[in-house]
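A.B. asks: Below, each chain spelled out in residue letters.
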Amino acid sequence: MKSFISLIIPLCAVLLALMIGAIMLLSLGANPISGYVTMFGAAFGSLEGFSETAVKSIPLLLVGVGICIAFRANVINIGGEGQMVMGALLATAVALAFPGLPSLMLIPMVLIAGAVGGAFWGSIAGALKAYFNVSEILSTIMLNIVAVQFMNFLLRGFMIDPAEVARGTGIPQTMRLSENADLPILLEGMRMHLGVVVALLVAVGAYFLLWRTAMGYRLRAVGYNPDASRYAGISVPKNVTSALAFSGAMAGIAGAILVFGSESHRMVTDGGSTGFTGSAGFNGIVVALLAGLHPIWSIPSALLFGGMLVGANALQRAAQVPSALIIALNGLIVVFVVSSEYFKQRFLESGRVDIVDEEDTPAGGSHE
Amino acid sequence: MNTTPRLQLKGMTKIYPSVIANDSIDMTIAPGEIHAVLGENGAGKSTLMKAIYGVVKPDKGQILWNGEVVSIQNPAHARKLGIGMVFQHFSLFETLTVTENIALAMDDYKSLETLASRIKNVSEEYGLPLDPGRLVHSLSVGLRQRVEILRCLLQQPKLLIMDEPTSVLTPQAVRKMFETLRRLADEGCSILYISHKLDEIMELCHSATIIRGGRVTGYAIPANETASSLARMMIGKELPVCSHEKPKNLGSEYLGVSNLSKSSADQFGTNLKNISFSVHGGEILGIAGISGNGQQELLYALSGERPVEDNGAITICGDPVGHLNPDDRRNRGLGFVPEERLGRGAVPGMSLSDNAILTAHRHGMVKKGLLKFTKASDFAKKCIADFAVKCGSKDDPITSLSGGNIQKYITGREIQQAPKLLIVSQPTWGVDIGAANIIRQSMIDLRNNGSAVLVVSEELDELFEICDRLIVIAEGHVSPSVPVEETSKEEIGLWMSGMFPGGPAEAAVNESEQGQEYHVH
Numbered sequence: 001m002k003s004f005i006s007l008i009i010p011l012c013a014v015l016l017a018l019m020i021g022a023i024m025l026l027s028l029g030a031n032p033i034s035g036y037v038t039m040f041g042a043a044f045g046s047l048e049g050f051s052e053t054a055v056k057s058i059p060l061l062l063v064g065v066g067i068c069i070a071f072r073a074n075v076i077n078i079g080g081e082g083q084m085v086m087g088a089l090l091a092t093a094v095a096l097a098f099p100g101l102p103s104l105m106l107i108p109m110v111l112i113a114g115a116v117g118g119a120f121w122g123s124i125a126g127a128l129k130a131y132f133n134v135s136e137i138l139s140t141i142m143l144n145i146v147a148v149q150f151m152n153f154l155l156r157g158f159m160i161d162p163a164e165v166a167r168g169t170g171i172p173q174t175m176r177l178s179e180n181a182d183l184p185i186l187l188e189g190m191r192m193h194l195g196v197v198v199a200l201l202v203a204v205g206a207y208f209l210l211w212r213t214a215m216g217y218r219l220r221a222v223g224y225n226p227d228a229s230r231y232a233g234i235s236v237p238k239n240v241t242s243a244l245a246f247s248g249a250m251a252g253i254a255g256a257i258l259v260f261g262s263e264s265h266r267m268v269t270d271g272g273s274t275g276f277t278g279s280a281g282f283n284g285i286v287v288a289l290l291a292g293l294h295p296i297w298s299i300p301s302a303l304l305f306g307g308m309l310v311g312a313n314a315l316q317r318a319a320q321v322p323s324a325l326i327i328a329l330n331g332l333i334v335v336f337v338v339s340s341e342y343f344k345q346r347f348l349e350s351g352r353v354d355i356v357d358e359e360d361t362p363a364g365g366s367h368e
Numbered sequence: 369m370n371t372t373p374r375l376q377l378k379g380m381t382k383i384y385p386s387v388i389a390n391d392s393i394d395m396t397i398a399p400g401e402i403h404a405v406l407g408e409n410g411a412g413k414s415t416l417m418k419a420i421y422g423v424v425k426p427d428k429g430q431i432l433w434n435g436e437v438v439s440i441q442n443p444a445h446a447r448k449l450g451i452g453m454v455f456q457h458f459s460l461f462e463t464l465t466v467t468e469n470i471a472l473a474m475d476d477y478k479s480l481e482t483l484a485s486r487i488k489n490v491s492e493e494y495g496l497p498l499d500p501g502r503l504v505h506s507l508s509v510g511l512r513q514r515v516e517i518l519r520c521l522l523q524q525p526k527l528l529i530m531d532e533p534t535s536v537l538t539p540q541a542v543r544k545m546f547e548t549l550r551r552l553a554d555e556g557c558s559i560l561y562i563s564h565k566l567d568e569i570m571e572l573c574h575s576a577t578i579i580r581g582g583r584v585t586g587y588a589i590p591a592n593e594t595a596s597s598l599a600r601m602m603i604g605k606e607l608p609v610c611s612h613e614k615p616k617n618l619g620s621e622y623l624g625v626s627n628l629s630k631s632s633a634d635q636f637g638t639n640l641k642n643i644s645f646s647v648h649g650g651e652i653l654g655i656a657g658i659s660g661n662g663q664q665e666l667l668y669a670l671s672g673e674r675p676v677e678d679n680g681a682i683t684i685c686g687d688p689v690g691h692l693n694p695d696d697r698r699n700r701g702l703g704f705v706p707e708e709r710l711g712r713g714a715v716p717g718m719s720l721s722d723n724a725i726l727t728a729h730r731h732g733m734v735k736k737g738l739l740k741f742t743k744a745s746d747f748a749k750k751c752i753a754d755f756a757v758k759c760g761s762k763d764d765p766i767t768s769l770s771g772g773n774i775q776k777y778i779t780g781r782e783i784q785q786a787p788k789l790l791i792v793s794q795p796t797w798g799v800d801i802g803a804a805n806i807i808r809q810s811m812i813d814l815r816n817n818g819s820a821v822l823v824v825s826e827e828l829d830e831l832f833e834i835c836d837r838l839i840v841i842a843e844g845h846v847s848p849s850v851p852v853e854e855t856s857k858e859e860i861g862l863w864m865s866g867m868f869p870g871g872p873a874e875a876a877v878n879e880s881e882q883g884q885e886y887h888v889h
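These protein sequence lines map, in sequence, to chains L and P. My numbering numbers the first residue of the first sequence as 1 and each following residue consecutively. My numbering numbers the first residue of the second sequence as 369 and each following residue consecutively.
Please keep in mind that the hints were generated in silico from the structure rather than gathered at the bench. In this text, a Cβ means the ideal position worked out from N, Cα and C, and glycines have one as well. Heads up, a few of these hints could be off.
As the list claims (entries may be wrong) - Here are some of the chain L residues that sit facing chain P, going by a computed Cβ distance under 8 Å: (1) F120; (2) Y217; (3) N225; (4) R230; (5) S323.
Unchecked claim - Using C-beta positions, here's what the derived DEER-type ranges look like: (6) P:H457 to L:I296: 25 to 33 Å; (7) P:D746 to L:F4: 53 to 61 Å; (8) L:F132 to P:S644: 47 to 55 Å; (9) P:D754 to L:L7: 18 to 26 Å; (10) L:L104 to P:N679: 48 to 56 Å; (11) P:D754 to L:V338: 55 to 63 Å; (12) L:L7 to P:S439: 36 to 44 Å; (13) P:L480 to L:T274: 55 to 63 Å; (14) L:T274 to P:D746: 51 to 59 Å.
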């Protein structure tokens, strides 16, 4: 019953958002049914389309899984963007430093570097919250900005492609990174690459971490109730910090995969973060919320949002509607899913509040 | 007595999705009658009182107020009719004065000055002297309760509902409150007195309604009954008794506290002042005292949730542990049951089985960082069975249990780990008589097996029943210890007011003019 409700309510929220999207399509003079058919057909109707969707879903899934861990520990991570950037930067630096290593070593190394970079960036906000009581919502957002400026600084300076300097064009991007670090293509002639497998493994690993290990137990205990954790000797500051470190690590891997799975195989900046991340650092939060903060459910959730990104272009071509509509649709889903949380809680609690109510003493420490 | 009953309930029924809280309850209270509502936890007493006070709406049944059918919409409506209620949990603002707190609950008063003088008059009239200008945070729990009672009295109630009022009082203060209640009753005010302290009910109440499982199981004149006959009606079987053998021989010192001083982390808390005592294997030491006298602070220091500066001030099994965190102290043999069950003793949102892992993980539930679920569920199942925890299954969320059952479960969880040193705060708060006996007996068994047990409780009866030695905590000071055979409830009650050798007696002497109460400062 409980898992049924946690599944059905967010799904209803998505359907409602799509219905409002249909009204928007109508008002733009397009047929919503054929519009949606085009959109989801492009994303899921062919192997090629699915391959595109899968690639778009990778960063969404990785960030989303990280968000699951952070939110389970009751830490709000809005710093996915910055953590992706920092992970990508460190991974790129490793690839630049060791271009000659064989793929079998270099690919794991850049992915780990991505994780380390993201974890470092996340744990700064974590430690600030844990030891100095700084709101992680503010610190993670601000660290996004710092990370972007750091990226601009590096890509215009130390890490810039020497050819750009020689030509005098000065486009802020690295050189073509070592081919040994290219993520192998999984299906001939398509773009789906090893990153998909990595993301799936991370999702499964996060599930395992949260529900099968003592460390995950501690993270969840701290998230549920810091006082009970303290009572049992679980260090709240340590676990708050490590929750953000885990969350950042996953965003960092996403950043690394964006670089080494890209067509250009370079790290490029357009001055902001979205040019690089495609806003996955924020959209991953929605992925996680739609999935009910469950790493495994994040997989279909990420595919839905990845598919919408792919479908948006098809919709634009077929129905002649601005692709901004998809951004609006994305936003609608966010609003509906987030507000559906309220209804979910009410449904889940309506049964049990009464049980407590019927007792003489509420369940807290109470006088008799 | 007047012929029209003050309050009459007919067929009161309240059904919750999972349980029938009240099943056609009939009850009649005459003007000036002190009527006990007796029942175990979960029997439905609170639901019934909430229905009378307009907090919950009954599904069926009638309330007749002075002979007229009324439908009580909300507490404000109830107050307008003349029904007052003193809750177990106070709702006072600590940073406001007595007058200001009372003014907040009053609909009509001219000015704070006139209200203050009214408070003074009424409080002296009823033998509950109280300075209206005092800030609530400087009042002891007993005086705070007085504020709540006065708040009701100022509305000149015709019916006063009192929910477990004596749990925060010393024996002397209980006696004083009884005088006040009798006086109120003489003036025609009816009193609904909720309790499961049988001796109090027999002493105070004119009549009693006994509720079990949402139904009335009997009406009684308490004076004509015995404690065991009342208990039989209340729990449906004979009152179980603890078997308490005398301690054999004392083991070594498992808990040592020497010269422990610590200022409270809470602004309105109590500082610990130079506390020393010890607990040996094979004995139960009780700490008596009115809540708010440093028990919380002492327990935080002993459990390791708030480590102390002097590492040697606390020793467990001989090791200095003042700096250690709770987990390390548990590794040295500590088990601890805090007074807050949910949100400290247990993680709300997790299942019973997962909550076993919280402290019992060191008993094979974690191997190489991985959780061993079979171990945890075996442990949980045993705990549920041994401590008669009423629950659906070990996989239910712990929040689906009642407070008493959560208490049984977490006490069981700690005892089942066979700690060398068990510290329990308020072991039987909110726990029904049958279960309370299971808990007490298991603490005695633990002692008989050579462990040291430290019990912090406000219930003197309980302490006298299970403890070998007693100490009293008052205003952060601890009294010398006395064997239970060599003292009496009266002496301990006096000590609870701070009047013990080396205690904060002066303050208590000054305060005694204001009743047998004193500041918590």
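A.B. asks: If a hint holds in the structure, say so; if it doesn't, say that too.
C.D. replies: Against the structure, the hints:
1. At about 23 Å, the closest approach between the beta carbon of F120 (chain L) and any beta carbon in chain P exceeds 8 Å, and the interface hint on this residue is violated.
2. A distance limit of 8 Å between C-beta atoms decides the matter here; for Y217 (chain L) the minimum to chain P is near 6 Å, and the interface restraint holds.
3. Interface hint status for N225 (chain L): upheld, as the beta-carbon distance to the closest one in chain P is roughly 5 Å, under 8 Å.
4. At about 5 Å, the closest approach between the beta carbon of R230 (chain L) and any beta carbon in chain P falls short of 8 Å, and the interface hint on this residue holds.
5. The beta carbon of S323 (chain L) comes no nearer than 41 Å to any beta carbon in chain P, farther than 8 Å, and the hint placing it at the interface is violated.
6. For H457 (chain P) and I296 (chain L), the hinted distance range of 25 to 33 Å is not satisfied, since their beta carbons lie about 42 Å from each other.
7. One distance hint, 53 to 61 Å for the beta-carbon pair D746 (chain P) and F4 (chain L), is violated here, with the actual separation near 29 Å.
8. At roughly 37 Å, the beta-carbon separation of F132 (chain L) and S644 (chain P) lies outside the given 47 to 55 Å, and the hint is violated.
9. Taking 18 to 26 Å as the suggested C-beta distance range, the pair D754 (chain P) and L7 (chain L) does not conform, at roughly 37 Å.
10. At roughly 52 Å, the beta carbons of L104 (chain L) and N679 (chain P) sit within the given window of 48 to 56 Å.
11. In this structure the supplied range 55 to 63 Å is violated for D754 (chain P) paired with V338 (chain L), their Cβ-Cβ distance being about 44 Å.
12. L7 (chain L) and S439 (chain P) have their C-beta atoms about 41 Å apart, which keeps the hinted 36 to 44 Å range intact.
13. Remark: the range hint 55 to 63 Å for L480 (chain P) to T274 (chain L) is upheld by a beta-carbon distance near 59 Å.
14. Between T274 (chain L) and D746 (chain P) the CB atoms are about 52 Å apart, so this pair conforms to the stated range of 51 to 59 Å.
Of the numbered hints stated above, those contradicted by the structure are hints 1, 5, 6, 7, 8, 9 and 11, listed in ascending order.
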